[in-house]
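> For reference, the chains in residue letters:
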Amino acid sequence: MSRDKTNQKSIRSMIQENKSSRSQSAVMEKVVPKIFLICAIISIFTTLGIVFTLLTETFTFFNRVSIVEFFTNTRWFPFTADKNADYGILALVMGTLTVTAIAMVVAIPVGLAAAIYLSEYASAKTRKLIKPILEVLAGIPTIVYGFFALTFVTPLLDSIIPGGISIFNALSPGIVVGIMIIPMIASLSEDAMNAVPNSMREGAMALGATRFEVAMKVVLPAALSGVMASFVLGISRAIGETMIVTIAGGSRPTADINVTESIQTMTAYIVQVSQGDTGYGTTIYYSIYAVGMTLFVFTLIMNLLAQFISRKFREEY
Amino acid sequence: MSLINKESVKKRMGSRVAANGFAKFLFILATSFSLIVLGVLIYRILVDGLPYLSLDFITNFASRMPERAGIWAALLGTIWIMAVTAPVSFILGVGTAIYLEEYAKKNAFTKFVQVNIANLAGVPSIVFGLLGLTIFVRLAGLGSSVLAGGLTMSLLILPVIVVASQEAIRTVPKEIREASFGMGATKWQTIRRIVFPAALPGILTGTILALSRAVGETAPLLVLGALAYVAFVPENLFSQFTVLPIQLYNWTSRPQEDFHMLAASGIIILMIILLIMNSIAVYIRNKFHKRF
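Residue numbers (this note's numbering), protein chains in the order written: chain A, 4 to 320; chain B, 2 to 293.
Quick caveat, the hints were computed from the structure, so don't treat them as lab data. Certain hints may be false.
Cross-link-like lysine-lysine pairs, in silico, DSSO-like; alpha carbons within 30 Å at most [what the hints assert, rightly or not]: (1) K112(B) <-> K37(A); (2) K106(B) <-> K33(A); (3) K188(B) <-> K37(A); (4) K37(A) <-> K106(B); (5) K131(A) <-> K288(B).
Looking at chain B on its own, in the form it has when it is part of the complex:
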């Protein structure tokens, strides 16, 4: 007596293979949906944005006349914000990661810090805006300044940098640490001269990707009270400012078609900046990444 009824297996074979083929088709369709959307999005933005794109568009201030409007103030505002965010978030993020990976004992406090960072990563960016509004703008009396905006952004991207740095530090093998200790180096010397340089490419890649997220972030700075219409360039850390995404928001929310095209031009610039940052991150990852 055979355990398998060959007839019934054979009979169902056709429909099972057909189901597999149909499902595969659906899965491919779903995957290409994302790719098609990306294509349409880029195409639309290029079509809308290219007409207004020129050198004047980059070097002009915002204007009520679309043909004379530009992104100079917003572009410099973004650079100012990054000048605050990059060092602050890098130092805090890498410091936290080194503490957690190298110094922290496996106790409740360490676990609490770890869980806390994971949860911070899930807090909506606009809530960070409310935090910045109360703590930096009001309590610290910084006003809606570059410094307040930069610090808020630093806290926003801090969890991303911490996690990326931790992963980078973890990939440094135990052997080279032990070799360093064996040569008589102290813990701090080992971290500074052995672990940190070895983990640096990974840390930098993570930091640049986190910063590129901050460049495109709009909501927290809007809540902080960053200006939407600015005809001046920030002069110091306490100047008021606008950033590229806020300028784009301002243009997008106007009803006139011309301003939408300006927004598209601005989006092209923003995407180019992000593309450059991401390319640098990928380059560092591929070029300097050591496999142990």
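The following block holds chain A by itself, in its conformation from the complex:
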């Protein structure tokens, strides 16, 4: 507001203006928190929406397929005439667990070793160089990893493994899911190890311990809760991973464990159905919710477990 304009105004009008703006801001003071509260409530509604969606549609599914069959049958063959169809979730769960197990065999040792190197051995300069590269690795879309698994890792494995492997198999997506999870385990574990106070390291070193002994006998035990939590979160990520296993894992649900053969995970089944021309309201349509529910329960348990571990076993310094 320019100076002469203010001078032209009477004091009375200025007071009036001030009053009205004050009552306006008083209204804002009341309304704004409510608006933000609504934003916060939407996140709760998202969770409720997920649970509600999964429960109701799964319920419809169990009206058509017995819950006993769902948990005890070991075959999953929905794409036949209704009365021949098999809905045994075990076949899909085994596929998911196989891939997850392979992924963790890759991700846990490599991720943990990288974390120990970054936190205990590497100089500040090296750390500054490597951490962004790990972040890049963590930011690569899963579709790219899937492409990598199918067009590079699978042919590579086929030439290494005597007897070869089929184009779609559990091993290749398992390894690539593991690679995808390495940065996550490395950075979460490194955070946990960084939180261990330096005085403990120095104490051990003063007693003559080597760096390796400090890392294994002092830092790792002290950071164990954070490290374990990172493993569990990694498992949860592997269970929910979709595109890599869809592209490179195949679509043959089986409860047998044979890593060189085609499998199907829970996530890959959901994608397969949504890509097909299954009509709304068919048993197959509802089956993706039952599978989704199983998947949701698995990952929820893992996430709660991770929170529990990091809370319960945390050592405070």
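Since the structure of chain A is already known, use the hints to place chain B on it.
Okay, now just chain B, sitting in the frame of chain A:
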């Protein structure tokens, strides 16, 4: 009498130092494994993808003939989805963060919201797809539209934005808030003119990183019924659509080698988009980040 048996310490010293050296070697090997994989991955994609990469590849529609296929529809689909996701997730995410950091009392409800957000962040993306399919596509009757896809993506990245915004708001020191109150500003005025601008670089960095995750996300939109073969550009919020990752999935899942090379070309474009978004995020973080 000495407490330490010097002889035995000396005898074991060699093997302990050797173990340390060997372990260090293994740790370096493990760390470089990730770097090597990243190198191989980028090399493979460049080798496969560069031959098909051209301006035509960007401006053509998908085609059954690899040499004429392009990503135009998918690229615009991705932009449309982002045009919905960016504002919706930003407003909801920042609103939630401001509520939790500035207004919420420390009670059971607040804690519940916080735990809920942490758990939402761990829900697999494909489950968000099932949520979107039921709520937005069927119940709200939006169909497999841009709007349904964008809203689903907003909910997917919401927890990430909330957490990033909360951290950004928390770094704004108490003193400048109190200074603002001392000048007679109300709470909302303080938040709007002091806290929000100070936290904005952090909030924007978090939002852009979350959006870049949404750009690469495939599974939820596949479940929603996004099309894999599209020869048109979305015209409005209710148009059907495809996005870049779905187009790449479609090409990757075909058996012909040529389509795999197309997929690699598309991956190069996707990675360039992500690289640009991440660079912007890092730039904002470094340029505008105030240390108090």
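> With reference to the structure, classify each hint as holding or not holding.
Here is how each hint holds up against the structure:
1. About 18 Å separates the Cα atoms of K112(B) and K37(A), which keeps this hinted pair within 30 Å; it holds.
2. With a CA separation close to 15 Å, the supplied pair K106(B) and K33(A) stays within the 30 Å bound.
3. Annotation: proposed proximity of K188(B) to K37(A) holds, straight-line Cα distance about 14 Å (limit 30 Å).
4. Only pairs whose Cα atoms come within 30 Å are accepted, and K37(A) paired with K106(B) is accepted, the gap being roughly 13 Å.
5. Note on K131(A) and K288(B): the hinted pairing holds, with a Cα-Cα distance of about 19 Å set against a maximum of 30 Å.
Checked against the numbered hints above, the structure violates none of them.
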